[in-house]
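Visitor: Sequence:
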Amino acid sequence: HSQPLFLPQKKKKNKRKKMDSVRLKYVKLGYAYLVNNFLRLLLVPIMWASTVEVLRMGPEEILAVLGSSAGHLDRIQILFFLLLVVFIFTVYLMSKPRPIYLVDYALYKPSPVWRVPFSTFMEHSRLNRPYSPKSVEFQMRILERSGLGEETCLPPAIHYIPVEPTVEAAHEEAETVIFTTIDDLLSKTGVKPRDIDILIVNCSLFSPTPSLSAMVINKYKMRSNIKSFSLSGMGCSCSPISVDLARDLLQIQPNSYALVVSTEILTPNYYQGKERAMLLPNCLFRMGCAAILLTNKSKEKNRAKYQLMHVVRTHKGSDEKAYRCVYQEEDPEGKVGISLSKDLMSIAGEALKSNITTIGPLVLPASEQLLFLLSLISRKIFHPNGKPYIPDFKQAFEHFCIHAGGRGVIDQLQKNLELSPAHVEASRMTLHRFGNTSSSSLWYELGYIETKGRMKKGDRVWQIAFGSGFKCNSAVW
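Heads up, the sequence shown is in UniProt numbering, so the first residue is 1 and it goes up one at a time.
The hints are simulated quantities; they were obtained by calculation from the structure and are not laboratory data. Ideal placement from N, C-alpha and C gives every residue a C-beta, glycine not left out. A portion of the hints provided could be inaccurate.
[Unchecked claim] With a straight-line cut-off of 27 Å between C-alpha atoms, the simulated DSSO-like cross-links for lysine-lysine are:
#	residue 1	residue 2
1	K394	K353
2	K456	K299
3	K415	K301
4	K321	K456
5	K192	K227
6	K321	K353
7	K305	K227
8	K415	K380
9	K301	K96
10	K456	K305
11	K96	K297
12	K321	K301
13	K192	K301
14	K274	K134
15	K297	K227
16	K457	K297
17	K109	K221
18	K96	K188
19	K342	K134
20	K221	K192
21	K274	K342
22	K305	K452
23	K297	K188
24	K109	K456
[What the hints assert, rightly or not] For each label pair, taking beta carbons as the anchor points, the in silico distance ranges come out as:
#	residue 1	residue 2	range
25	P162	P117	16 to 26 Å
26	G190	G334	45 to 55 Å
27	K415	K452	17 to 27 Å
28	R324	P162	26 to 36 Å
29	K353	Q395	11 to 21 Å
Given these sequences and hints, build the entire structure.
Guide: Structure (structure tokens):
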């Protein structure tokens with residue numbers, strides 16, 4: 001009978017905590033409004049007082065003041081002043097970067113016949129590895145905790161028993177995913193292949209000769225003076241790198257279109273050994289591709305979906321652990337695969353901190369920057385071991401596209417950035433439906449947000465990607 005006596009106290013405590021959190025929320029909102037609008041709040045009374053003073057003066061007094069001011073300046077001084085204003089305005093216009101617009105993008109949707117439900121994946125693993133039951137059991141445990149669903153897809157060559165990771169099969173996969181996605185994008189935008197001025201294809205693990213960009217040029221008979229690039233070996237974070245390269249090229253080439261293709265070709269990279277660290281990519285990576293059309297044409301502003309605001313790139317390759325945490329190598333039996341280090345999450349956390357330090361001043365409101373500065377000073381002087389202040393990036397962005405590398409990656413970023421389940425829903429659902437599609441996963445997440453009808457005019461998007469090297473790259477739209 002003692003339990004009911006304590007229930008009211010618990011309810012009171014919970015109610016008090018709730019009231020305190022509500023008060024704290026309103027205090028923080030008031031603080032943010034005050035700091036972010038400080039200049040406006042300062043200028044409004046000054047402008048009001050000036051307006052009242054002018055209204056009190058009669059027309060003759062106003063003309064007398066203007067006449068006395070003009071009397072002190074001769075024509076040469078006035079002309080010099082006007083020329084200086086024109087010169088400063090011209091320099092500003094010339095140095096101002098061209099706005100970069102995202103006209104539209106397209107995503108690859110694999111055929112249902114290439115699905116790999118858990119039962120199919122495990123059956124194929126047993127048949128391909130009859131002498132390694134422990135490896136099969138390990139993969140099953142990884143799949144169950146991975147966050148992947150039953151609809152993810154692998155290319156046809158990996159459905160064979162035994163697997164056929166040939167160069168020909170890899171070319172077939174590349175042609176299927178890349179051409180299908182580009183066809184969809186060109187159909188949506190109405191842009192012709194010969195209108196494309198810049199082509200960038202990124203694929204980390206398949207780098208054939210001729211290159212994938214050459215394959216695209218050959219298929220679509222693009223112009224001979226097109227600027228083309230193939231980026232490889234840069235991991236899952238390569239899509240923001242491709243966007244950054246396209247932005248730089250569009251700054252120096254006016255009135256142009258840039259086509260960016262982000263994909264990963266899995267056929268030649270399916271690991272067939274027993275090393276656990278190298279079996280992880282088999283469980284996580286799945287088919288995917290995204291094609292993005294960027295432009296600096298002012299006429300496309302009205303129909304463009306987004307405008308590129310910032311790209312911030314962080315590289316931790318100077319640290320040996322970071323450099324080797326995602327590493328392609330041979331196992332003791334000579335079988336090639338991608339080894340994922342146990343330190344991957346901690347290294348990703350350090351890379352994210354560096355990236356946040358750079359991107360914060362570009363996007364955070366003044367209130368959050370001031371709190372971060374005060375926290376930094378406090379830790380330097382009073383509490384060296386104190387917990388650092390994590391800026392509230394929810395005040396800077398409405399949507400977050402976190403690389404769907406695995407459930408652990410999403411969990412860690414949600415915790416570090418103090419995001420709600422709604423903020424990481426796009427990442428979790430992309431991982432569940434499509435798996436880890438490498439560099440294209442950011443665009444599947446953006447597609448999910450749009451499909452759910454959550455994207456509104458003026459909303460800001462933060463794309464965060466991690467990749468081998470080790471890199472953390474961000475794009476802000």
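Visitor: Decide, hint by hint, whether the structure agrees.
Guide: Against the structure, the hints:
1. K394 <-> K353: 16 Å, holds
2. K456 <-> K299: 22 Å, holds
3. K415 <-> K301: 37 Å, violated
4. K321 <-> K456: 41 Å, violated
5. K192 <-> K227: Holds. K192 to K227 sits at ~16 Å (cutoff 27 Å).
6. K321 <-> K353: Measuring from Cα to Cα gives roughly 17 Å; hence the hint holds.
7. K305 <-> K227: With a Cα-Cα distance of about 24 Å, the restraint between K305 and K227 holds, given a limit of 27 Å.
8. K415 <-> K380: It holds: about 24 Å lies between the C-alpha atoms, which stays within 27 Å.
9. K301 <-> K96: Roughly 17 Å between the alpha carbons, so the hint for K301 and K96 holds.
10. K456 <-> K305: 10 Å, holds
11. K96 <-> K297: 15 Å, holds
12. K321 <-> K301: Roughly 44 Å between the alpha carbons, so the hint for K321 and K301 is violated.
13. K192 <-> K301: Holds, because 18 Å separates the two Cα atoms, which is no more than 27 Å.
14. K274 <-> K134: 9 Å, holds
15. K297 <-> K227: Since the Cα atoms of K297 and K227 sit roughly 17 Å apart, the hinted pair holds (cutoff 27 Å).
16. K457 <-> K297: 20 Å, holds
17. K109 <-> K221: Holds. K109 to K221 sits at ~25 Å (cutoff 27 Å).
18. K96 <-> K188: Status violated; Cα separation ~31 Å.
19. K342 <-> K134: Distance of about 19 Å is within 27 Å: holds.
20. K221 <-> K192: 10 Å, holds
21. K274 <-> K342: 17 Å, holds
22. K305 <-> K452: Holds: K305 and K452 sit about 16 Å apart, inside 27 Å.
23. K297 <-> K188: 18 Å, holds
24. K109 <-> K456: Distance ~25 Å between K109 and K456 Cα, so the pair holds.
25. P162 <-> P117: 16 to 26 Å: Taking Cβ atoms as reference, P162 and P117 lie about 20 Å apart, which means the hint holds.
26. G190 <-> G334: 45 to 55 Å: At roughly 51 Å between Cβ atoms, G334 and G190 fall inside 45 to 55 Å, so the hint holds.
27. K415 <-> K452: 17 to 27 Å: The hint (17 to 27 Å, Cβ to Cβ) holds, given that K415 and K452 are roughly 24 Å apart.
28. R324 <-> P162: 26 to 36 Å: The hinted range 26 to 36 Å holds for R324 and P162, with Cβ atoms some 30 Å apart.
29. K353 <-> Q395: 11 to 21 Å: 19 Å, holds
Comparing the model with each numbered hint stated earlier shows that hints 3, 4, 12 and 18 do not hold.
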